[in-house]
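Mapping of the sequence shown onto UniProt numbering: position 93 corresponds to residue 93, and the numbering continues sequentially without gaps.
These are computed hints drawn from the structure, not numbers from a lab. Heads up, a few of these hints could be off.
Cβ pair distances, simulated, as ranges [said to hold, decoys possible]:
# : residue 1 : residue 2 : range
1 : F105      : F80       : 33 to 41 angstroms
2 : F122      : A36       : 21 to 29 angstroms
3 : L98       : Y18       : 28 to 36 angstroms
Note that beta-carbon positions come from the ideal geometry of N, C-alpha and C, so glycine has one too.
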Amino acid sequence: MATTIKHLNKWANAHTSYPLDFVRIALGVFLFIKGATFITNKQYLSEILSSFRGYGSEMMIIHYVAMAHMIGGFMIVLGFFTRWSIWFQLPIVLCAVLINFFGEFILSNFIQSSVALLLCVFFSFYGSGKHSLDYNFKMEH
Numbered sequence: 001m002a003t004t005i006k007h008l009n010k011w012a013n014a015h016t017s018y019p020l021d022f023v024r025i026a027l028g029v030f031l032f033i034k035g036a037t038f039i040t041n042k043q044y045l046s047e048i049l050s051s052f053r054g055y056g057s058e059m060m061i062i063h064y065v066a067m068a069h070m071i072g073g074f075m076i077v078l079g080f081f082t083r084w085s086i087w088f089q090l091p092i093v094l095c096a097v098l099i100n101f102f103g104e105f106i107l108s109n110f111i112q113s114s115v116a117l118l119l120c121v122f123f124s125f126y127g128s129g130k131h132s133l134d135y136n137f138k139m140e141h
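Based on the sequences and whatever the hints tell you, model everything.
So, in structure tokens, the structure goes:
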């Protein structure tokens, strides 16, 4: 696994560009804002989680999703442990895509979550790129 990640990092560093860094940063900001929205807007959260009522997991979902999005989004913006942060986002974003099929289908939520899922999958392979804390720490050692 370590050799696979090294090969992916070498490929990503050879093919890195500022637009991809901008997309990574935008994804991190989007996830951070979604996490903050989960905490501050209870009406929005209630609408999203209405299909999970009665399962006793609502508070766990709120805390996991909000903290994972806020901390993970910040780390993705910095390019610090990007793959780990993305891996914590993947189950949340996948559920965000699937939840549209269990309750009311909201096209804008489906598009946002689908784009976020595609970007998470891409960055889980690509990594953080050359313009990141991961790359800077790697170059110092």
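* May I ask you to test the hint 28 to 36 angstroms on the CB atoms belonging to L98 and Y18? => Since the Cβ atoms of L98 and Y18 sit about 33 angstroms apart, the hinted range of 28 to 36 angstroms holds.
* To do: Return holds or violated for the Cβ distance of F122 and A36 against the range 21 to 29 angstroms.
  => With Cβ atoms ~24 angstroms apart, the hint holds.
* Cβ separation of F105 and F80, checked against the hinted range 33 to 41 angstroms -> Given range 33 to 41 angstroms: holds, Cβ gap about 36 angstroms.
Hint compliance for this structure: no hint is broken.
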